[in-house]
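> Please construct the entire structure, taking both the sequences and the accompanying hints into account.
Using my numbering, you'd call the opening residue of the sequence shown number 449 and step up by one each time.
Worth flagging that the hints you see were computed from the coordinates, not collected in a lab.
Any given hint could be a false lead.
Stated by the list, open to error - Pairs of lysine-lysine, BS3-like flavour, derived with a Cα cap of 25 Å:
#	residue 1	residue 2
1	Lys-486	Lys-531
2	Lys-518	Lys-563
3	Lys-529	Lys-644
4	Lys-456	Lys-531
5	Lys-512	Lys-529
6	Lys-518	Lys-529
7	Lys-518	Lys-531
8	Lys-644	Lys-577
9	Lys-577	Lys-486
10	Lys-577	Lys-637
11	Lys-577	Lys-563
12	Lys-644	Lys-563
13	Lys-518	Lys-486
14	Lys-531	Lys-637
15	Lys-637	Lys-512
The structure displayed is predicted, hence computed values, not measured ones.
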Amino acid sequence: MLAYMEQKYGESFAEEEALGGQYGKDYTMRRVCNPARKLEGILVRASGREPVICQDNYLAYLLKAEIEEKMEELAEPVFGKCKVFYRIPELVFPEDFPADMDADAFLRHPGSMVKVYIYVEKLPSDGQKQVEEFFALLQRQAYVVGGVISYPLDEVMYGMITEENFRGDVYQGYECAAEAVFSMDENGKLLYLEWKGAL
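Okay, structure coming up:
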């Protein structure tokens, strides 16, 4: 598995830990790290016997900053000042994802399972209209993403959200005025939208 990673990406990796496979399934998983980039927790999966098929989620680490930048470029004109975070998924990507896949292709592929978290600084007069406008921009780009658009209750709540704690916001005492949880289908059209709270 390390040889696969090193051959595919041309970088050095080291093993962190073995992960148990699913009972009755023919695969093995490992967490590896890239010491040079100081990246940890990268997933690699090997399945089958002959030939062995390997998959990984390293592209999520490589493209994280660019994904957040692209999402922020779409979000800021709509929401104003906001914080945008991409969540590294706990899954591996299809085996045909190339090592040099760019962020646009990644965002347009349903197999990427991109989840973004957007925290909006100011409460709007019409949050639903804002969200619809943002979805229209996503569709124009043909991005297949899901995630959460959160309107913090106040400036204190907005200030407490950081890169380190955004995924655990519920446990940090974070409160929102409203949140929109959404996902797009494989064609980049809105599949699911649920509002929690009301603006």
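> Each hint should be assessed against the structure and marked as holding or not.
Here is what the structure says about each hint:
1. The hinted pair formed by Lys-486 and Lys-531 meets the criterion: a straight-line CA distance of about 24 Å does not exceed 25 Å.
2. Proximity of Lys-518 to Lys-563 is assessed by CA-CA distance (about 13 Å); at most 25 Å being required, the pair is judged to hold.
3. The straight-line distance between the Cα atoms of Lys-529 and Lys-644 is roughly 21 Å, inside the 25 Å bound, and the hint therefore holds.
4. Annotation: proposed proximity of Lys-456 to Lys-531 is violated, straight-line Cα distance about 33 Å (limit 25 Å).
5. Distance restraint check for Lys-512 and Lys-529: the Cα-Cα separation of roughly 20 Å lies within the 25 Å cut-off, and the hinted pair is therefore satisfied.
6. Of the pairs offered as hints, the one joining Lys-518 and Lys-529 holds, with about 15 Å between alpha carbons and a cut-off of 25 Å not exceeded.
7. Simply put, Lys-518 and Lys-531 have alpha-carbon atoms about 12 Å apart, close enough for the 25 Å limit, and the pair holds.
8. Proximity of Lys-644 to Lys-577 is assessed by CA-CA distance (about 16 Å); at most 25 Å being required, the pair is judged to hold.
9. Between Lys-577 and Lys-486 the CA atoms are separated by roughly 41 Å; this puts the pair beyond 25 Å, and the hint is violated.
10. Distance hint between Lys-577 and Lys-637 is fulfilled; the C-alpha atoms sit about 17 Å from each other, no more than 25 Å.
11. Our distance criterion of 25 Å between C-alpha atoms is met by Lys-577 and Lys-563, whose separation comes to about 21 Å.
12. A C-alpha spacing of about 18 Å is found between Lys-644 and Lys-563, which places the hinted pair at or below 25 Å, so the restraint holds.
13. A distance of roughly 23 Å separates the Cα atoms of Lys-518 and Lys-486; the hinted pair therefore holds under the 25 Å criterion.
14. For the hint pairing Lys-531 with Lys-637, the CA-to-CA distance comes to about 24 Å; that is within 25 Å, so the pair holds.
15. Between Lys-637 and Lys-512, the direct Cα distance comes to roughly 23 Å. Compliance with the 25 Å bound is thereby established for this hinted pair.
Checked against the numbered hints above, the structure violates hints 4 and 9; every other hint is satisfied.
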